[in-house]
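As a plain string of letters, each chain reads:
There are 2 protein chains.
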Amino acid sequence: MSPKNAFYAQSGGVTAVINASACGLIETARQHPDKIGKVYAGHNGIVGALSEELIDTSLESCEDIAALKHTPAGAFGSCRYKLHNLEENKAEYERLIEVFKAHNIGYFFYNGGGDSQDTAYKVSQISEKMGYPITCVGIPKTVDNDLPFTDNCPGFGSVAKYVAVSIKEAALDIASMCNSSTKVFIMEVMGRHAGWIAAAGGLAAEKEGDAPHIILFPEIAFDREQFLARVEQCVKQYGYCVVVASEGAQYEDGRFLADSGNKDAFGHTQLGGVAPTLATMIKHSLGYKYHWAVADYLQRAARHVASATDVEQAYAMGKAAIEFALAGRNAVMPIIVRESDKPYSWRVGEAPLSQVANQEKKMPIHFIKDNGYAITDSCREYLSPLIQGEDYPPYVNGLPHYVTLKNQLVEKKLRTEFKFD
Amino acid sequence: MSPKNAFYAQSGGVTAVINASACGLIETARQHPDKIGKVYAGHNGIVGALSEELIDTSLESCEDIAALKHTPAGAFGSCRYKLHNLEENKAEYERLIEVFKAHNIGYFFYNGGGDSQDTAYKVSQISEKMGYPITCVGIPKTVDNDLPFTDNCPGFGSVAKYVAVSIKEAALDIASMCNSSTKVFIMEVMGRHAGWIAAAGGLAAEKEGDAPHIILFPEIAFDREQFLARVEQCVKQYGYCVVVASEGAQYEDGRFLADSGNKDAFGHTQLGGVAPTLATMIKHSLGYKYHWAVADYLQRAARHVASATDVEQAYAMGKAAIEFALAGRNAVMPIIVRESDKPYSWRVGEAPLSQVANQEKKMPIHFIKDNGYAITDSCREYLSPLIQGEDYPPYVNGLPHYVTLKNQLVEKKLRTEFKFD
Numbered sequence: 001m002s003p004k005n006a007f008y009a010q011s012g013g014v015t016a017v018i019n020a021s022a023c024g025l026i027e028t029a030r031q032h033p034d035k036i037g038k039v040y041a042g043h044n045g046i047v048g049a050l051s052e053e054l055i056d057t058s059l060e061s062c063e064d065i066a067a068l069k070h071t072p073a074g075a076f077g078s079c080r081y082k083l084h085n086l087e088e089n090k091a092e093y094e095r096l097i098e099v100f101k102a103h104n105i106g107y108f109f110y111n112g113g114g115d116s117q118d119t120a121y122k123v124s125q126i127s128e129k130m131g132y133p134i135t136c137v138g139i140p141k142t143v144d145n146d147l148p149f150t151d152n153c154p155g156f157g158s159v160a161k162y163v164a165v166s167i168k169e170a171a172l173d174i175a176s177m178c179n180s181s182t183k184v185f186i187m188e189v190m191g192r193h194a195g196w197i198a199a200a201g202g203l204a205a206e207k208e209g210d211a212p213h214i215i216l217f218p219e220i221a222f223d224r225e226q227f228l229a230r231v232e233q234c235v236k237q238y239g240y241c242v243v244v245a246s247e248g249a250q251y252e253d254g255r256f257l258a259d260s261g262n263k264d265a266f267g268h269t270q271l272g273g274v275a276p277t278l279a280t281m282i283k284h285s286l287g288y289k290y291h292w293a294v295a296d297y298l299q300r301a302a303r304h305v306a307s308a309t310d311v312e313q314a315y316a317m318g319k320a321a322i323e324f325a326l327a328g329r330n331a332v333m334p335i336i337v338r339e340s341d342k343p344y345s346w347r348v349g350e351a352p353l354s355q356v357a358n359q360e361k362k363m364p365i366h367f368i369k370d371n372g373y374a375i376t377d378s379c380r381e382y383l384s385p386l387i388q389g390e391d392y393p394p395y396v397n398g399l400p401h402y403v404t405l406k407n408q409l410v411e412k413k414l415r416t417e418f419k420f421d
Numbered sequence: 001m002s003p004k005n006a007f008y009a010q011s012g013g014v015t016a017v018i019n020a021s022a023c024g025l026i027e028t029a030r031q032h033p034d035k036i037g038k039v040y041a042g043h044n045g046i047v048g049a050l051s052e053e054l055i056d057t058s059l060e061s062c063e064d065i066a067a068l069k070h071t072p073a074g075a076f077g078s079c080r081y082k083l084h085n086l087e088e089n090k091a092e093y094e095r096l097i098e099v100f101k102a103h104n105i106g107y108f109f110y111n112g113g114g115d116s117q118d119t120a121y122k123v124s125q126i127s128e129k130m131g132y133p134i135t136c137v138g139i140p141k142t143v144d145n146d147l148p149f150t151d152n153c154p155g156f157g158s159v160a161k162y163v164a165v166s167i168k169e170a171a172l173d174i175a176s177m178c179n180s181s182t183k184v185f186i187m188e189v190m191g192r193h194a195g196w197i198a199a200a201g202g203l204a205a206e207k208e209g210d211a212p213h214i215i216l217f218p219e220i221a222f223d224r225e226q227f228l229a230r231v232e233q234c235v236k237q238y239g240y241c242v243v244v245a246s247e248g249a250q251y252e253d254g255r256f257l258a259d260s261g262n263k264d265a266f267g268h269t270q271l272g273g274v275a276p277t278l279a280t281m282i283k284h285s286l287g288y289k290y291h292w293a294v295a296d297y298l299q300r301a302a303r304h305v306a307s308a309t310d311v312e313q314a315y316a317m318g319k320a321a322i323e324f325a326l327a328g329r330n331a332v333m334p335i336i337v338r339e340s341d342k343p344y345s346w347r348v349g350e351a352p353l354s355q356v357a358n359q360e361k362k363m364p365i366h367f368i369k370d371n372g373y374a375i376t377d378s379c380r381e382y383l384s385p386l387i388q389g390e391d392y393p394p395y396v397n398g399l400p401h402y403v404t405l406k407n408q409l410v411e412k413k414l415r416t417e418f419k420f421d
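Chains as they are written, first to last, in the UniProt record's numbering: chain A, 1 to 421; chain B, 1 to 421.
There are no misleading hints in this set.
For identical chains, the list gives no copy identity; a pair is met inside one copy or between any two copies.
In silico PhoX-like links for lysine-lysine, alpha-carbon gap of 20 Å or less: (1) K207 / K406; (2) K289 / K82; (3) K129 / K101.
I should point out that these hints are in silico values taken from the structure, not numbers from a laboratory.
Keep in mind it's a predicted model, so treat the numbers as computed, not measured.
Modelling step: build the complete structure from the supplied sequences, incorporating the hints.
As structure tokens, then:
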């Protein structure tokens, strides 16, 4: 009997290292041809499974698969699509089983954040509830660092490094200019509900007085007067003020500082524009000359300044997913277990998908200083190991050399097209 | 007779490599103790000369001076302060001479862009018009790449590399997501009157269809309908659309797309917000989901991804400034002369300050494709050598190790304070 094939898909917002997980998974699967046939990657995530658009990764060279380790974003395409509950839309699951059967798929690997692990969990129930034998393993990924159980999420360490490096550099810039020009610099970073990424900006401050002088966390209600007073105090004391603002920064009543009014496919409000909102507030109230930056995609795609620790862990999660599957584990997700801070050491652990799905890990409140504007030493101890090490991509002609795969689709075997809602 | 001391100052917006010029200047000066005494750096540029705040660089260790080569921004502080004409404000020049005399200063080095070279030129006239013997050499610097005579400006190559790398990375991100999510990504970059930095984004496109699909140059009048049609066409053809927008993008009547209404010390309108303006336009007219980034200071401070060519040239300009001064050249500026594109080679040349000052080098119109949205092959040939090579700073604890100098001020010798306007 030929071994079962595997389905792998990337889901949700991509990161600088999600392809490193794909690399770990495919390279490890290739070492077990007796147990795992081909690895099919979903074209645009789970949507590729439903629409029977399966990429045959066996057609990619070893060199190209290895190059995934240094290539940011989702090499097979990602999606923001959440499966319904089995009770709500049985057709989705029947379709998945149809596709899995047609392509002899016995393993399902889903690489994503909280919403995606929810999807992975639902697929894992197919075995039990619909009698189709499938081994389902989630692979953690999210720049938001908000998955439970795992000490940290692959993707976060690199965005943390990007933000800390950027703040350190921009702070030198404004420090040079503040005597006769710009007094306030604001950098807006991602993190819808949790302040992990904003907190990472705090790593740039190595001694008292260093930038950033103010971090705005979603966890701490924004108080306009207090904020403006703090900006003024910093400008008077240090000559300038550097602010890191989470896109999720919000007023006491839960209103985001900058709510664009748009919503994404999950019904989440689409954010953007905290930095200009704050800049205008400062200009009008204090009159300071300002500059602001919104890093947006640049921060999560910045493979050029990725954390080596992050790359290593992302790879390890992909590798572990195969190992878990081969060990017959179903409905689980490999996690990162921290064994010690100094020296930093970690190992691969395991969490049940039933408990991972739809849980958000918030910043512990003791990671935020009492004034609400800075990180504590324990937060620094937690964050610092995650940005350690550089792992530069190769450069050709002055630019990083990122791989573009062939992404050849497997011939469709089903006669029907799936109708998306 | 003890040799004359030198005054060096940084001026205007700082860059990732202006300190590399300082490094080249100070290291070279130290090799000629018989001809150049101490190098005094102006605390916050020319303002430091007027206020007699002189930093004694001889107190900095060789290691720290060497570290300037990999440290972004202005290590001695910069300023936006333009000297008046000799006729308008003779007191400024009399004060300079007073300070120069008090500290035995016979060399004046000014590191900056167009406005700063104007200041350097005015100082150079002191010899002739006011009888104080001083050798004055400008050192080119500006991310805007708009100085005349020199093939390119130190500082530009690194911001060009940052923008090209960032666009390449963000384009992979949106390509991964466009099937079910974001369709348009807009990155706003610096460049008030010239599209050099925006053009550099074009280097990310290595083959037909690659991002960026649209570049908005200040040189080409913005046409809303044509722009929206092009965005729609790209989304239909490629699945997504990446836009690089210069902060200086403007309508036919010269109105900037996003005019904040603020002005800087030179009377220039302070810009920012083209990206959100375009995003809103696209959302309202085409309904596409968008993301946007404004790099602002991040782009010009990004020493972590500096161009090795740029670092080398910045260092060479500082070194050449000393060599010119020692050769008795006055009122000149070292420039970069391109000798060939492929293989790229260049040498140090010389331009007269009288002709450099207040001239802006625009993008040649044949560098922009006929459709107004892309760069031509000749533009690519010009730009490509400038981003070649990586020159990573050392990292400690996951962050670049940038030097902070002692910056000890020389004891004041004058009894009076200078009164700024």
